[in-house]
Structures are given as C-alpha cells and as structure tokens.
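**Student:** Protein chains in written order, with numbering that gives the first Met the number 0: chain A, 0 to 517; chain B, 0 to 231; chain C, 0 to 332.
Keep in mind that the hints are not guaranteed to be accurate.
[What the hints assert, rightly or not] Taking lysine to aspartate or glutamate and the DMTMM-like style, the derived pairs with C-alpha atoms no more than 25 Å apart in a straight line are: (1) C:K176 to C:D306; (2) B:K147 to A:D166; (3) A:K177 to B:D97; (4) C:K332 to A:D221; (5) A:K177 to B:E90; (6) C:K93 to A:D221.
Calculated from the structure, these hints are not laboratory results.
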Amino acid sequence: MKLWPGLGVAALLSALSIGTLVMVALKAQGGATLGAADWAAIRFTLTQAILSAVLSVLLAIPVARALARRQFRGRRSLIALLGAPFLLPVIVAVLGLLSIYGRNGLFSAALQLVGLGPISIYGLKGVVLAHVFFNMPLATRLFLQGWQAIPEQHFRLAAQLGMRTGDINRRLETPMLKEVAPGALAVIFLLSVTSFAVALTLGGGPRATTIELAIYQAFRFDFDLAKAALLAVAQFTIGALAAYGAWKLAAPTRFGVSSGGLREPERWDCQARSVLLRDAGVLLAAMLFLFLPLMAIFASGLAGLTALPLSALGGAILRSVLVAFGAAGLTLCFALALGFAIVRLERSHAQTAGLIEGLGALFIAASPMMIGTGLFIFLFPLVDPVALALPITALVNATMSLPFALRAILPALRQSEQGFGHLADSLGMQGWGRFRLLTWPTIRRPALFSTGLAAALSMGDLGVIALFADPQSATLPLMLYRLTGSYQIDAANGAALILVLLSFTLFWIFEREANRET
Amino acid sequence: MKLELDHLLIRQGTFSLRADWTLAPGDKLALIGPSGAGKSTLLSVIAGFLAPSAGRIRLGNQDLSDLPPAKRPVSLLFQENNLFPHLSVAENVGLGLDPSLRLTPGQRAQVSASLVRVGLRGDEQRRPADLSGGQRQRVALARALLRKKPLLLLDEPFAALGPGLRLEMLELVNQIVTEGGKTLIMVTHDPQDARAIATRTALVAEGVAQAPVATTQFFLHPPAALSAYLGR
Amino acid sequence: MLKMSLIAAGLALTLAGGAGAADKPVLNVYTYDSFASEWGPGPAVKKAFEAVCGCNLKFTTAGDGAALLARVELEGARSSADVVLGLDTSLTAKAAATGLFATVKDGRKTDLPGGWNDPLFLPFDWGYFAFVYDKAKLKTVPHSFADLAAAPKSLKIVIEDPRSSTPGLGLLLWVKKAYGTRAPEIWAGLAPHILTVTKGWSAAYGMFLKGEADMVLSYTTSPAYHRIAENDDSKAFARFSEGHYMQIEVMGQLAKAPHPALAARFLAFMQSDKVQSIIPTTNWMYPAILPKSGLPDGFDAALPAKDALIYRPDEAQAVRAAALEEWRTALSK
Numbered sequence: 000m001k002l003w004p005g006l007g008v009a010a011l012l013s014a015l016s017i018g019t020l021v022m023v024a025l026k027a028q029g030g031a032t033l034g035a036a037d038w039a040a041i042r043f044t045l046t047q048a049i050l051s052a053v054l055s056v057l058l059a060i061p062v063a064r065a066l067a068r069r070q071f072r073g074r075r076s077l078i079a080l081l082g083a084p085f086l087l088p089v090i091v092a093v094l095g096l097l098s099i100y101g102r103n104g105l106f107s108a109a110l111q112l113v114g115l116g117p118i119s120i121y122g123l124k125g126v127v128l129a130h131v132f133f134n135m136p137l138a139t140r141l142f143l144q145g146w147q148a149i150p151e152q153h154f155r156l157a158a159q160l161g162m163r164t165g166d167i168n169r170r171l172e173t174p175m176l177k178e179v180a181p182g183a184l185a186v187i188f189l190l191s192v193t194s195f196a197v198a199l200t201l202g203g204g205p206r207a208t209t210i211e212l213a214i215y216q217a218f219r220f221d222f223d224l225a226k227a228a229l230l231a232v233a234q235f236t237i238g239a240l241a242a243y244g245a246w247k248l249a250a251p252t253r254f255g256v257s258s259g260g261l262r263e264p265e266r267w268d269c270q271a272r273s274v275l276l277r278d279a280g281v282l283l284a285a286m287l288f289l290f291l292p293l294m295a296i297f298a299s300g301l302a303g304l305t306a307l308p309l310s311a312l313g314g315a316i317l318r319s320v321l322v323a324f325g326a327a328g329l330t331l332c333f334a335l336a337l338g339f340a341i342v343r344l345e346r347s348h349a350q351t352a353g354l355i356e357g358l359g360a361l362f363i364a365a366s367p368m369m370i371g372t373g374l375f376i377f378l379f380p381l382v383d384p385v386a387l388a389l390p391i392t393a394l395v396n397a398t399m400s401l402p403f404a405l406r407a408i409l410p411a412l413r414q415s416e417q418g419f420g421h422l423a424d425s426l427g428m429q430g431w432g433r434f435r436l437l438t439w440p441t442i443r444r445p446a447l448f449s450t451g452l453a454a455a456l457s458m459g460d461l462g463v464i465a466l467f468a469d470p471q472s473a474t475l476p477l478m479l480y481r482l483t484g485s486y487q488i489d490a491a492n493g494a495a496l497i498l499v500l501l502s503f504t505l506f507w508i509f510e511r512e513a514n515r516e517t
Numbered sequence: 000m001k002l003e004l005d006h007l008l009i010r011q012g013t014f015s016l017r018a019d020w021t022l023a024p025g026d027k028l029a030l031i032g033p034s035g036a037g038k039s040t041l042l043s044v045i046a047g048f049l050a051p052s053a054g055r056i057r058l059g060n061q062d063l064s065d066l067p068p069a070k071r072p073v074s075l076l077f078q079e080n081n082l083f084p085h086l087s088v089a090e091n092v093g094l095g096l097d098p099s100l101r102l103t104p105g106q107r108a109q110v111s112a113s114l115v116r117v118g119l120r121g122d123e124q125r126r127p128a129d130l131s132g133g134q135r136q137r138v139a140l141a142r143a144l145l146r147k148k149p150l151l152l153l154d155e156p157f158a159a160l161g162p163g164l165r166l167e168m169l170e171l172v173n174q175i176v177t178e179g180g181k182t183l184i185m186v187t188h189d190p191q192d193a194r195a196i197a198t199r200t201a202l203v204a205e206g207v208a209q210a211p212v213a214t215t216q217f218f219l220h221p222p223a224a225l226s227a228y229l230g231r
Numbered sequence: 000m001l002k003m004s005l006i007a008a009g010l011a012l013t014l015a016g017g018a019g020a021a022d023k024p025v026l027n028v029y030t031y032d033s034f035a036s037e038w039g040p041g042p043a044v045k046k047a048f049e050a051v052c053g054c055n056l057k058f059t060t061a062g063d064g065a066a067l068l069a070r071v072e073l074e075g076a077r078s079s080a081d082v083v084l085g086l087d088t089s090l091t092a093k094a095a096a097t098g099l100f101a102t103v104k105d106g107r108k109t110d111l112p113g114g115w116n117d118p119l120f121l122p123f124d125w126g127y128f129a130f131v132y133d134k135a136k137l138k139t140v141p142h143s144f145a146d147l148a149a150a151p152k153s154l155k156i157v158i159e160d161p162r163s164s165t166p167g168l169g170l171l172l173w174v175k176k177a178y179g180t181r182a183p184e185i186w187a188g189l190a191p192h193i194l195t196v197t198k199g200w201s202a203a204y205g206m207f208l209k210g211e212a213d214m215v216l217s218y219t220t221s222p223a224y225h226r227i228a229e230n231d232d233s234k235a236f237a238r239f240s241e242g243h244y245m246q247i248e249v250m251g252q253l254a255k256a257p258h259p260a261l262a263a264r265f266l267a268f269m270q271s272d273k274v275q276s277i278i279p280t281t282n283w284m285y286p287a288i289l290p291k292s293g294l295p296d297g298f299d300a301a302l303p304a305k306d307a308l309i310y311r312p313d314e315a316q317a318v319r320a321a322a323l324e325e326w327r328t329a330l331s332k
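Isolated chain A (complex conformation) (with noise of 0.2 Å):
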C-alpha cells in the first residue's frame, strides 16, 4: 500500500486543525492574554469533561456486562438503540432531557403527586446528566466490543475451571475494562470538552461557561481574533494532553482485535438469581435514562409533522442525505489513507505512525467555531465559500467522525497487514485486487460501521453550514434551527423527529450490514 495518501489526508487535517488556527491569528490584530473569566472557562471546561467522562464510563460499566453475558429478545435491537443519543442534534436532545428531568417533566410531575416540589437540574449536573446522557451508550459500546474480543475459549475455559463470576470479573473482566476504560474515557472527555450550548443551557449561567464559548464570544461580542485563536490553542492542549494520557494509561491485554460484532454470549458463571435480577435492574434502569427522552421526541415530533412545510423539506432531506453519505465516503477514505500509512510506519517510524495516529484523535478536541472562520478566512479569496457549502459541509462532518473510524478500523487492519501482509506480498497481491480480497473482508465490519457512524452524524449534525450556507440549500439540520428561530417550534419538533430517525435509519442500515454474515 502506498504512503502518500496517508500523508495526504494527514496534511489535510493539519491544515484544518492547526491551519484554520493559524489562519485567524493572522487575521488578528495585536496579541492577547488570558483573563481571570477565561481560565475560569478552562476550568469549567475541564471539570465538567471530567466528571462527565468518569461517570459516563462507571455507568457504562455495568451496562456493557449485563448486555455481554445476557441472551434475550431484542438484545440487538437495544445495543442499536444505544447509538440514538449520540446522534441527537444538541436542541433536540436538551428539549427531550427537559420533558423527562426538566421543572415541568415528567419526573417533577411524579414528585408532585405525591407532594414534593420540582426537581432542578440546572448547574453542574445537568451538564453532566446531558453529557452522560451523549456518552454513556458510545462508552457501552466501546466495553462491549472489549468484552468480544475476549476469546470464546477462555469463558468456556473459565467455566471448566469452575471460575465464579467474581473470579471472571477478576481475571478477564478488569483487565479488559483497563485497556479499554482510558481510551473511552478520553473520547468522552475530549466529545465533552468542546459542548458549549448544552453546557451554558443545563449549566444555568455564566458559571457554565465553556472554553468553546469563551472562543465564541471572543468571535462575535468582542471580535478579538487573537483571543479566539489563544483560547482554540488552550483547548488543543487539553485534547492533546488527555489523548497522549489515554495512551499513556491503556494496559494492553493482548486480548487481540473484537471482530465489531454483536456475538450472542456464551456464559455459565451468571445463573444465579441475584446476578439475573441485577443485570435485569441495570438494563431497565438504562433504558429508561436513555429512553424516555428518545420517546418524549419522539411524542411531540409526531404532534408537529403536520406543521412541517412539504416544500422545502423534500430539499433539505436530499442535501441532508447528500452530505451524509459524502461525509461517510469521505471519512472511509481517509481512515484508510491514515491506517495504511500508520500500518506501514509503525515498523520503521514508530514515532511518525502514532503521530498521526494522535492527530486523527486530535479532532474531536477542534473548535468547530475555529475549524469554521479558518477555512472561511482562507477560502475567501479563492472561492465563493457559499457556493461550496455542502462540500463543506461533508468535509469538516468527515473529518469529526475521522477519530471514531481510525480507532475501529486500525486495529482490523494492523492485523491484516500483519498477519496476511507478507503472504500477500509474496503472492504480488497488489492495489485493489489486494484491497478487495485480502483488506476488505478482514476490516468490513468496523469499516462498515464506522461508515454508518460518520453518515449517521452528519446526518444530524449542524455543522459549519451555518456559517456557510445560502438560503436556498438548508440541510436538515440548518433548516431544524431555522424553524426554530422562526417561532415555528411544532414543526421544528417534526423536523427533529424526522431527522432523528433518518441519521439513525442511516446508522442501523449499516450496522446491519456490517453485522451480516458473509
């Protein structure tokens, strides 16, 4: 496999992370110094990341275990379910919260009834309940594909060997949840690090003020370029620094590579009644966090379909779709440029391989508001940045997914090249024949979710269209925020409904087709 595409793609990405910076602090005038409000954003930032990201992971915890060792009717079905609200547009997302744990929600009218006043969730943990709320189902699924790649031999090994549950958790749970735990936590902490209008809105006031906001105002109220491109530096450094953590952290178990998919179990240790009643506690209790408010959406979506205007939503779903699948292409495309070159650098620039490793996992630490203004100040002079809005679009869209398909891809594809590579070398397997019958069938299943994912979340996220886009090429989400910035919150609730099951038809299609046996 040739080099330079990775190198390609990851030039590419330096020019929209770093570059886009570089771009506005030039575009600045004069230097810039932090201020006592902006390390009190820093810290705030990193508070609430934290304890977002360790309490999406203890939560997920007993989630992933119950789902691992337990067989029951539409077991796959809620392990797909797990990705909705991920993929929820952060409007949607806050209003469902609401209904559910809000001072008028379902929760706060239960209390009522029997005489309690209402819950509040503004401050700290309503940002991290929301945070939790994102990532908790990401970070099951992520312990889910550690539990897989624990090789069918060793339960039943354990179970010859008469190993309790206690034992099994012992000495093959923890030390899989050890690789995988500092991994999640750092997708999760970087994913919390740049909220911003869920923060500020469930956080109750300036209190809640995150680094991205701080970028934002710094943007639009004060115009000062410099401090912008000063706070999207601090930020970089946070990702950077839990990333090479993250790193730094994971114990490999040499478990080996999950294959991505959803094996049935195949556990003897868990029959005991109280071990069933608590798996059954903690699916239940999981699904109804996570459920409600999916439902509350769901409810008041339908109610406000037929406010929707037919006219333009035709449009809008076609370039909503467009872009996803654009931003899924694109994001295959270069997950496999980067693995490839990692793979091939990893044997003799160890250091260059996780370079560029690192950078792919940088991104979700961008501030889109930066990505954004960068590339608009750069493409200004060369091109009607309007005109390109989609392309766009899908581009910076591919680019956030990029770190989720690197991570599930490579692994599949470091043990192809190492484990087929030289056969297939001395075969003269070369360039797509090679691709198609030595690459492909080893990394489908990741590949094809990881396509599922970049298109699903692009489906529903706003992206940097807003700053972009003409009137007349609204995509779905664009078109969400625009209903409701024009009173028309039942429509919008429509729109949102239709988004939401649109990126997670999009996500389940592929899942299902990564999960087909060939």
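Given the coordinates of chain A, work out where chains B and C should sit on it, guided by the hints.
**Tutor:** Below, chains B and C without anything else, positioned relative to chain A:
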C-alpha cells in the same frame, strides 16, 4: 470410568450428529474424520458447552447431561487460547486448583511440580506470549494434570506442532492418562496420531460418530468413508 | 478517489441549480438567517423587489446580526455584498468603525420613538425587549425589575446569553440603561429567578413553551405571533415601569458595493409601504415607518415613546464590556 453416549443427537441448523456407544474405563479414543463432520462439536457437548437435542451422557453412574461445565469431571484442551495471555504460567496452572487463585504454599509447590512433569521447570513467571506453541500446550497439560478429572478431551491442541514434537506431546499425554487412570478422547486428522496412543478409534462422518473400534482393527479394515477421507 | 470526486461534482451540481438568468445584475444582500428563511420576510421581499428592479436579489445569510457583522469584517474590502441588512444599534458603532459602509441618503421619516438620524444606516424595523408569560399560568405578574427580584423564588425566568445572542445583549443594556451603576445590584436580585441562560432565543423560547420557566426574555410583539398565527391569546408581555429597551434593526450599503445604484434603490424599497406592511407578520417586529394600512389586527400598538430606553450606538459600544463583566460576576456567584 465408563463413558456412555446414550442416543445422543446434536442439531445445529442443518448440521446434525448422532452418537450411541460406550467407552470402557481407561480407553484412549481417537476421533477421526473430515473437517466439519462434528468431532469438535461432540467434545463441546461432552464438556457441556453445547446442549444436545436429545440423549444422555453418563460417566460411571453419574448422568452429566444437565450439569454445567464446571461440575463435569472433564478437562478439555482447545486448539488455541488455552491460556489467559495476561496471567503468568504459574497463575494459569494454578487456576486448575483454585479458580480464585488463592493458593496455599502447598498448592504452589504442586503447581511447580506439575510444571516439572511437563518439562517446564522454573518457567513459573513467564508469560504465554514468551512461550513457543508447544510450551503453551504443555502449560495447559500441566493444568489438566492438576485438575485430576477422570475424562480428558483434546481438541487438536497439538495440530500446529511439527510431527516430532507432536508425537512427543502425545507420549506425554499417554503417560499422564495412564498414570492417572483417566479416560481420553482426542480429535485428530492424522492416522499416525491415533496409532501412536489410541487404544480405540472411531470415525466421525456423514452425521454419525460411529462406535469405537480397536485402533489396529480400525486401520486394518478401514470403513469406506475413511478410505475416501484418507484418499486411498 | 474517483468515486469521491464524482460525489463532489454531484454536490456542486445540485448547488449550481439555483443560479441562472445570467444577464440580469445580481444584488447581493447579506442578512441574518431568520430574515431570509421561508418563514421570514425574505421570500416576499425578494419577489416584490425583483418585480420592479430588473435584477436578481440574492440573500446571503449569517446566523444573526453579530455573525453578520463578523462576516462582513472577515471579508473586508473584497466582499461582494451590496447591502447588509439586519444589524442593530448595539452593533452599528463597531460597523461604522470598519469603514466598510457608505453614507446613505436620508430615508423616509420614521415612526421610531426618538426618531432616526444616522449617516450610514437606515432602520427597517424595531421592537421592544420584554418578558413574555402565559396568562393562564402566571397570576402575579411582576411590573419592574424590582418586582421580579422581590417575587417568590419559585418564579423562574429564562434569558439568553449576551455573549451569543441579540436579545441577551438587549437585556444587558436594558438593565444598564435603566439602573446605571446600580445594575450589579439588580442582577444580584434577579439571579435567584434565572432558571438558566441559553445560547440563543430559540432554546429559551422553546423552554418557555415547554413550561420550564414562567417568563422568557423575548419581544413585546411575541404575543401577537401566537394571537395571529396560531389563534392563541394565552401569551402576554409584562410591562415594566422602568421602560423597555429598544432594538432598532438597520441596513447599510457597502462602500465597495458592486451595484451601488441598485443597493440604494433596495434600501428605499425596504422602507416603502409595500415592505413595511409585511414586516409585522413575517419578522414579528414593528415597521420603522407605519404603513398607511396601519398595523394588522391582533398586533397591539407599540408602547409610547416615554417607555423607550436605548443607548446611542457609541454609548452602547462603550458600555457593553463593563456591563458584561458586571453581569458575569453577579450571575457567577
């Protein structure tokens, strides 16, 4: 102890396998037959990893059919992944004495002794990744030795080893089985393995695990399906 | 890679579909999102202007007034914009300082409380910020910031963040204009009632409609929307004795506008009866010049001029950083 497969029927989708025979105490049985015929599946059923669709499995007077894997008097060695990669050799063997690995000094000595028995003196602290394929299966044998289960099942654990090493390992198995008065069932592709240690051999093909025959007789008058498989 | 370039080409094609009719000049108007959206005045304005101008009118959008100004600044002298429509007077001092805007001919005489006099910008609509509530649910309505501060703690309001939203900045200036050096004290009194602060108007208003908060910072014209568009008379705004801060939305012409004559014509058109009469029920604001037909049914007359609070643009620019700091400090406790 006598092993009895009583009208055993295994069904998985379109695959099915029948077995209805007994194995005398101390017998060493080789299961031979084409890939996919169900040799490994039969071992999984005896070990309790898969439930049969019909029939019973008895060892001596004990009916194993409804017991969970841990309660069955069986040790099964897989083709691979017999060791936990993140545990040391001694820990992997020690699991055979206590699945929680709370070992007394006496048990630790037992672990070392059984490692000596399989030719791995002083290798207690090594990790599976640092061992050769043959050494890894020796560790698994050392554990089976300690578990003192009357029935030992081998699912081709030595298939990846060279012919010389494989026969050497089989000889080790032979000694362990004979000394411990165990009953052995091993899956193999190679008549040579069967001839080396098996007192009896059974053909698994075309949906049936046939009744075991004395190994010498078996190869003297091979069943038609075996000739086809061996290409003679 | 070939596949990808095909997709990119496809995307470009679907985009290019909107263009065409190449011989007519294209007047490029930068405006905020909700103005140009299907539910705003944009489509009607475009249709009406194109019927008389012999040109094509193209809207280019940014999120809101502040985003619009940031965009114009980033593009600088190379901008292809002719007109920028949708800044307000908290932004015009900054906009004037960029030197990118041309002086304009005086427009028509406006009906703004306090009139209008600015060399660079002309108003097209205006409104008062106000707290909106549900008449059926809120029985004791506060009629001043002091009332609000003294209300039971269970009375909750949701406001927008001045750093990311126009109404949020409006409230900041409202309190500062009404109370001056006492603003921090007012904010401290309001703090227990502030349920949360949202990024923009839509999240705040959505939360209010969901029943999360008793009142929301919006406009005095919001109840008219529910009355006229939804036939729902349940919403009202609380009239505050301190007066209400005004938002005046303005437009200006770029000094380097490719089509200066058309641009000037468009500014005049925006102030014509034709456009002014569609403003109330599309942008849900008061027209800068009351059309002959008056306000539509269900649209209450604006509060009298004595209730109007507003900073001059240069004052607004000068006061906002310190006011923001006071706000942040008071609400961070």
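**Student:** Each hint needs a verdict: does it hold in this structure or not?
**Tutor:** Checked hints:
1. For a cut-off of 25 Å, the pair hint linking C:K176 to C:D306 stands: about 12 Å separates their Cα positions.
2. Annotation: proposed proximity of B:K147 to A:D166 holds, straight-line Cα distance about 21 Å (limit 25 Å).
3. Restraint check for A:K177 and B:D97: the C-alpha separation of about 24 Å stays at or below 25 Å, so the hint holds.
4. Between the alpha carbons of C:K332 and A:D221 the distance comes to roughly 23 Å, so the proposed pair stays at or under 25 Å and holds.
5. With a CA separation close to 19 Å, the supplied pair A:K177 and B:E90 stays within the 25 Å bound.
6. Restraint check for C:K93 and A:D221: satisfied, since their Cα atoms lie roughly 10 Å apart, inside the 25 Å limit.
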